[in-house]
Amino acid sequence: MALRLVASLAIVLFTAGPGQAQEALADSQREFIARFQAATAPARSSSRERGAAADFLMAEIERRGLTAERKPYRAPNVHPLLDLIMPPFSGVNVTATIPATLDDAPVVILGAHYDSEAGSPGADDNASGIAAMLSIAEAIAAEPRRDYTVILVFFDQEEEGKIGSAAFARQLVNAGEDIHSMHSIDMAGWDSDGDRAIEIDAPDSWYPRYERAAREMDIPITRVTYDSSDHVSFRDRGIDAVCLGEAFRLRDSSPHRHRSTDTADTLNHAYLARNTRLMQGVLLRLMRGQAS
Amino acid sequence: MRLSLPVGVLALTLAAFTVRAVIYALIGSPLPLVFIFAVSLALITAHLAGRGAGRVAVRVWALWLVIYGVFRLGLAGLLVVAPVSSPHAIANTGWVFMLVSALYLLAGAYLVAAWRKPVEPAVTG
Chain A
0 MALRLVASLA IVLFTAGPGQ AQEALADSQR EFIARFQAAT APARSSSRER
50 GAAADFLMAE IERRGLTAER KPYRAPNVHP LLDLIMPPFS GVNVTATIPA
100 TLDDAPVVIL GAHYDSEAGS PGADDNASGI AAMLSIAEAI AAEPRRDYTV
150 ILVFFDQEEE GKIGSAAFAR QLVNAGEDIH SMHSIDMAGW DSDGDRAIEI
200 DAPDSWYPRY ERAAREMDIP ITRVTYDSSD HVSFRDRGID AVCLGEAFRL
250 RDSSPHRHRS TDTADTLNHA YLARNTRLMQ GVLLRLMRGQ AS
Chain B
0 MRLSLPVGVL ALTLAAFTVR AVIYALIGSP LPLVFIFAVS LALITAHLAG
50 RGAGRVAVRV WALWLVIYGV FRLGLAGLLV VAPVSSPHAI ANTGWVFMLV
100 SALYLLAGAY LVAAWRKPVE PAVTG
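From first to last, the protein sequence lines stand for chains A and B. If you use numbering that gives the first Met the number 0, the first sequence corresponds to residues 0 to 291, in order. If you use numbering that gives the first Met the number 0, the second sequence corresponds to residues 0 to 124, in order.
Isolated chain B (complex conformation) (with noise of 0.2 Å):
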């Protein structure tokens, strides 16, 4: 895999899981730290195993970041709509949560669209 932008969003991506990770094990949170070992460990057996399994694993996270950032922002409409009494609710959910929630979304869209399959060339002739 060489580097490209493609490959640098799809290493932020994994990166931000990874930080978030770390901060919910050293608190005593075992979770996310799971959920980002078994995507890591899913996305390297993928792409070692070739034929374009690399791929197709690259999307699924992409498209798991599509719904995740969807997700996000849902939620937060939510709680403009349905307005909880919870104080950790209300403070985190505001502006930054809703542009990290965009963020994880536009990464997700491209990384969808820069893993689609390559187009075989025409033939000609």
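Just chain A, same shape as in the assembly (with noise of 0.2 Å):
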């Protein structure tokens, strides 16, 4: 069944022009959000929400033929003195490795978070992020040669302030693994100007090689430094970490942030489909040894 559903979408997408292979990646990508949303109304906030968003997404990673996990956590409160007062807090981040085809590879995570704002249905923020990750995570799966162990995460918690990604963090690298790289997409669905414009927090290893990627596919792509989403949790850990973005500086960002409103039909999917092509293809040289 979950080879049937890869080795079909892999037949569209790799049969088809470029413009077909993103209407297809556009419309997977739109269903998929919809069932996400589906599943997990009205949020993804409460323990209860959280929780039904994690089997949801259990699933989704099985159906792909990949080998889903549970991986549970306790973090400390946001200031120390809390710590006297409240429990920890305590959450699950659903992981999946994707192991290189060479022994020994460094690991290169693949991250976005699946909480939402309470009351957020979270279909920009962050379904969109969730739906490229499963998408780049399947061309990654089919890819022949893999220099890297890819692990895909989906991270709990961002909005209480990263907790879920800072504790798989700490836990990879108390674990002692070889960190190459980590790449996440936080809210990549909404072009109201139809500009095609993103935004991107790179280090100055990485932002030249999405730098390439943007130009040779025609979208305008604007270097920034935020410290508001998940790979913060990473580069604070002197990891490289990168987060791809919709166009915040240029005022072209979701008004439905947060609110009751962020549903799957609001979204822009051929500007996320694009974005996630964009990410995908810098991954794929990666993997494929080209990275330059």
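Just so you know, the hints here were simulated from the structure itself, not pulled from any lab data. Every value quoted in this text rests on a predicted model; they were computed, and no experiment measured them. Do not rely on the hints blindly, as some may be mistaken.
Cβ-Cβ distance ranges computed for the label pairs, FRET-style [what the hints assert, rightly or not]:
{"hint": "1", "chain 1": "B", "residue 1": "Leu4", "chain 2": "A", "residue 2": "Asn173", "range": "39 to 49 Å"}
{"hint": "2", "chain 1": "B", "residue 1": "Val80", "chain 2": "A", "residue 2": "Glu68", "range": "21 to 31 Å"}
{"hint": "3", "chain 1": "A", "residue 1": "Pro71", "chain 2": "B", "residue 2": "Ala101", "range": "24 to 34 Å"}
{"hint": "4", "chain 1": "A", "residue 1": "Leu80", "chain 2": "B", "residue 2": "Ala41", "range": "52 to 62 Å"}
To spell it out: a stretch of chain A is covered by chain B in this simulated footprint if at least three of its residues, at any positions, have a beta carbon under 8 Å from a beta carbon of chain B; those stretches are [what the hints assert, rightly or not]:
{"hint": "5", "region": "42–48"}
{"hint": "6", "region": "172–183"}
Glycine included, every Cβ here is placed at the ideal spot set by N, Cα and C.
With the hints as a guide, bring both chains together as one complex.
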């Protein structure tokens, strides 16, 4: 079943032209986000809602022929004094590993957060990132040569202050993993003026690769720095971390963010598919040993 | 110090903070451990010093428990009046939080009363 799904998607994507492939990707992402939203309505905020979202993502990963894992964690409060009063944070990151085709390969993290603000269905923030990461993971899994092990991870509790990603980064570093880089997407489905512009927070070692890929795809790209998404949890530990998103600085970001109106039907799915293909292209080059 | 109800209540309050301290120490936050270590050290030192110092130390701890309980109840009340968007705060300041806060408050009040200075027996005739 899972193999058939991946194979049929691969056939659609690889036999169609770039335009058709992007349309097919946009359609499959639209369908995924609508299903995710329906399965986790009205939001992915409370412990129960986030539990339902984690179950859904486990099943989606398994459907794609990958082995999903729950990584539960406990984490201190944002301020140490609160540790005297409140219980610790607790949550679950959902992960899947795509092994490298080489021995002792470093690890590349692909991440997006799955929780949403209370009362918000979180289609743009951040089902869009989840949909993109699943598509990229499928493409990497279908790649015959992989110079890096890829860990796909869906983070819990980003809206509380990047709690899930901080816990995951700590777990990986404590386990002594050789982490090459981290790539994430947070809110990448809004483009009201149709200019296709994106923003990216990337270190010097990564920005030129994304910039080149964007140029090849005729995507206006702006380099920014921000601290409000999960890549920061990795950057703070000295890991090269990238986050791609819609044009916040150009004031073309979703007005529905954190609202009950952040639904699948408000998204620009062609824009999301294009952004997905951009990151996918960069990462496939890396997997094939063409990164420069 | 003989085993009695006040000693048992004192031990329970210290145990509650110690459990919290161990949980937080395991996830990389040392503050609760430092706190309970300092409190325990102060209580033991005062008890060994004698001359009523132990009683004073327990009453200070009891007063802290009263303030702690009141603060927690106030925080839970504040979050009802002015709700926040944090699911963590919402989920962890419910009726269980309030019940535990009330228990800290009661335990503190009980310890304040139980460790009062003993009344000197009246000398007659």
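Status of the hints after comparison with the structure:
1. Separated by about 44 Å at the C-beta atoms, Leu4 (chain B) and Asn173 (chain A) satisfy the suggested range of 39 to 49 Å.
2. Range check, Val80 (chain B) to Glu68 (chain A): Cβ separation about 41 Å, and the 21 to 31 Å hint is violated.
3. Range check, Pro71 (chain A) to Ala101 (chain B): about 30 Å between beta-carbon atoms, so the 24 to 34 Å window is met.
4. Evaluation of the 52 to 62 Å hint for Leu80 (chain A) and Ala41 (chain B) yields a failure: the beta carbon distance comes to about 19 Å.
5. For the region 42–48 of chain A, the assignment as covered by chain B holds, since 3 residues bring a beta-carbon within under 8 Å of that chain's beta-carbons and 3 suffice.
6. Proximity of the region 172–183 of chain A to chain B, defined as three or more residues with a beta carbon under 8 Å from a beta carbon of that chain, is not established by the 0 residues found.
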